[in-house]
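Build out the structure end to end from the sequences listed, making use of the hints.
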Amino acid sequence: MSPQRTEGSAPDGSLGFLHVDMDAFFVSCELRRRPELIAEPVVVGGTGDRGVVAAASYVARSYGIHSAMPTTRARRLCPHAVFLNGDHAYYGELSAKVMALFRDVTPLVEPLSLDEAFLDVRGALHGHDRAATIAAALRARVLAEEQLTCSVGVATNKFLAKLATERAKPKPSLSGPIFGTGVHVIKAGTELDFLHPLAVGDLWGVGPATGAKLSRMGIETVGDLAAQPKERVTAALGSAVGRHLHLLSHGRDERPVVVGQGVKSVGHEETFAHDLFAEDRLSRELMRMADAVASRLRAANVAGRTITVKVRFGDFTTITRSVTLASPIDGARAIAQEAGVLLAHVDTSPGVRLLGISASQLVTQHGQQLSFDDVDGRSWSDADGVVDEIRERFGGNAIGPATLSKPGSGLKRMERGQQQWGPDRDV
Amino acid sequence: MGMKFRCERDTLVEALSAAGRAVTTRGGALPVLAGVRLELVGDQLTVTGSDLDLTITVVIEVAGGEDGIVVVPSKLVSDVVRSLRPGSVDVAVDDDDVRIVSSPSEFSIRTIPADEFPELSGAEGDAVTLDAGEFRAAIDQVEKAASSDDARPILTGVLMAAEADGLRLVSTDSYRLSVRDLSGTAILSEGQTVLVPSRALKELSRVVGDQDQITLRLGERDAGFEVGGVSITTRLIEGDFPNYRGLIPQNHPNQLTVDRETLLDAVRRVRLLAQESTPVRLAMSDDGLELVAVTQDVGQAHEAVEASYNGTDLTVAFNPEYLIDGIEVAPGDEITLETVDELKPALLKAADDPNFLYLLMPVRVS
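Sequence order for the protein chains is A and B. Here the first sequence stands for residues 1 to 427, numbered as in our numbering. Here the second sequence stands for residues 1 to 366, numbered as in our numbering.
Do not take every clue at face value.
Example chain A residues on the side facing chain B (calculated, C-beta under 7 Å, incomplete) [claimed, not checked]: (1) D202; (2) L203; (3) V206; (4) Q337; (5) S360; (6) V363; (7) H366; (8) G367; (9) Q368; (10) S371; (11) F372.
Hints were generated in silico from the structure; no laboratory data involved. All C-beta atoms in this analysis are idealised placements derived from N, C-alpha and C, irrespective of residue type, glycine included.
Have a look at this one:
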């Protein structure tokens, strides 16, 4: 889908790979505009009873609060913490500015998320300008221009750079955060000294299941793993995973920094303040999400061939249902229609806690297949175009599907990132 | 209750797979519907598969041993019988297992309780007969334009409508429309229409073989087709088919006439460079026709096609698959493509056969 996809070349052993991770990014964004909260424990995420913590300030972390923790538990741990609803749009804006600073250093930037990226700076190494110098200068520039701090790992490949970042990070403690070095370098030739004492669980791709398997084989550290014959590891973990981990244990990672990897899917999901049972309410929520997904698809000039509906029930069991269509679609009505059929095949009587729609198998729209609905000049797809135009001029809530409007309360549309971490308190 | 017969492998495979095509593939339905029902009376074996919307029953002659009824897992038993060496197969049921033997292979497969298999009645109504070859050709001409999208159930059907001088089949997925007239085939009463799932008609087309006749029964809710030893019963789709007549432009200022095979080959070639949902463009002028496909960062294809053209210079873009579907099923050696402009539906017809038309919406190129 991304014709402009280009790759940096694979590592060649030179010290030129940076991993940059913003420190407590969402919280830092909030503190940037509310400096009065700097000394307070601050938590960003879903503030309602079903919310989860998206980010916690270092002060909040010293109370044991961490991301992905239920908000209710965080409140118990630190009742006086300041709980803020996430503002995804704002974080996205700051993220774009920070990424732009990265791209000033090298065009080979691979974002992993809003607050994390790999940089291949080998092309920027000349004379005495070493990677560590570049990393320190980058940190200083991000702080000076955006008032945000980040930690940088420097190494001879991506995987080691990411591990190095952990060493550079600030650490929470009961007496407040202990600031890290900000930059940690794993020098060429010292990779294995750094790597081998680490627990295997620190390796990328070793989850609890793989960790347990390795542990049964007597493998606890990365060094233990490296000492195994490759065949024994592939026999236990399968050839692909085994080979990959064995290479990592020797400090080897051939993956290049990949630039311009386009989006793979566009989706929205929402956790409800109370489980939903009523069909008309569910179909209204579905319409709302379809509208949001369609808007973003069109903004990216893509259409999706696969539509997926995700349903989580009150007991947390989660199912997904997908349909793949002959022609890709990008209209709210078409997406809602497909999602509606998928949902109709799901027994929602146990109550729906979370509902989501996503579009995947995205293709760039090089032309639009007209349908007979277009013949008289009033097409649904034309209507979608008008919707985009109005939103651009008058804002997101200026127009939306009629089913989403309530007398007296206006429109309730979805914005990107809204509801990411569970419903807010006032829903 | 026992059941016992001997049968040629190929006869049995054919019956099992034909009936098995109605067997549901969706989860969540009655588990028994993952099976086919075998009923032996004398030397006649009846094999039935159904998903309740579509039922396919095949009757074959076997060497009967002992009458009986059994339901067996459709896919597994079909795969097993197909895998056997050529020759005769012995099938016998004891207790809860069906034994399938073709020396030296021997299979024993757990059956599904037969009393859970639903009662399936065939369509009622008077029997009328259709010319099998002609009806199959007509199905093949319209079924591709029917939608496979369950979100628009009406469009997954093929409309069968009584027309002044016979029967008309119509299908559309809202991007293209096929209309096929069978003159002289009066099987519906005046003004009558029924909406038959295209899936059932596809299965019918598949089993026609070299048979001469199809027997059709139309009930209130069902339609039944019989051909050879196969009968297909389908639930009809309820609802109003869109008003397709208004879509067909009465006036086409531009007319292209071109050899059908030549155009088909050319579109198939050029399509290779119409990737990532890019269209194929037809540039029509007094010089004839030029096909163009351009995929960004991949490449492009051009081909000049000999054609005669009356009208103003015009370039129209189409989804190549949709275009090919239409060209493939148009009858005759020569076809015409009639256009109004680059955004209006284009009409594809056989140059000398008024009984078929294919209306296709263009792709709007930005």
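How the hints compare with the structure:
no.: 1; hint: D202; in the structure: 39 Å, violated
no.: 2; hint: L203; in the structure: 36 Å, violated
no.: 3; hint: V206; in the structure: 34 Å, violated
no.: 4; hint: Q337; in the structure: 4 Å, holds
no.: 5; hint: S360; in the structure: 15 Å, violated
no.: 6; hint: V363; in the structure: 5 Å, holds
no.: 7; hint: H366; in the structure: 4 Å, holds
no.: 8; hint: G367; in the structure: 4 Å, holds
no.: 9; hint: Q368; in the structure: 5 Å, holds
no.: 10; hint: S371; in the structure: 4 Å, holds
no.: 11; hint: F372; in the structure: 5 Å, holds
Against the hints set out earlier in the document, violations occur for numbers 1, 2, 3 and 5.
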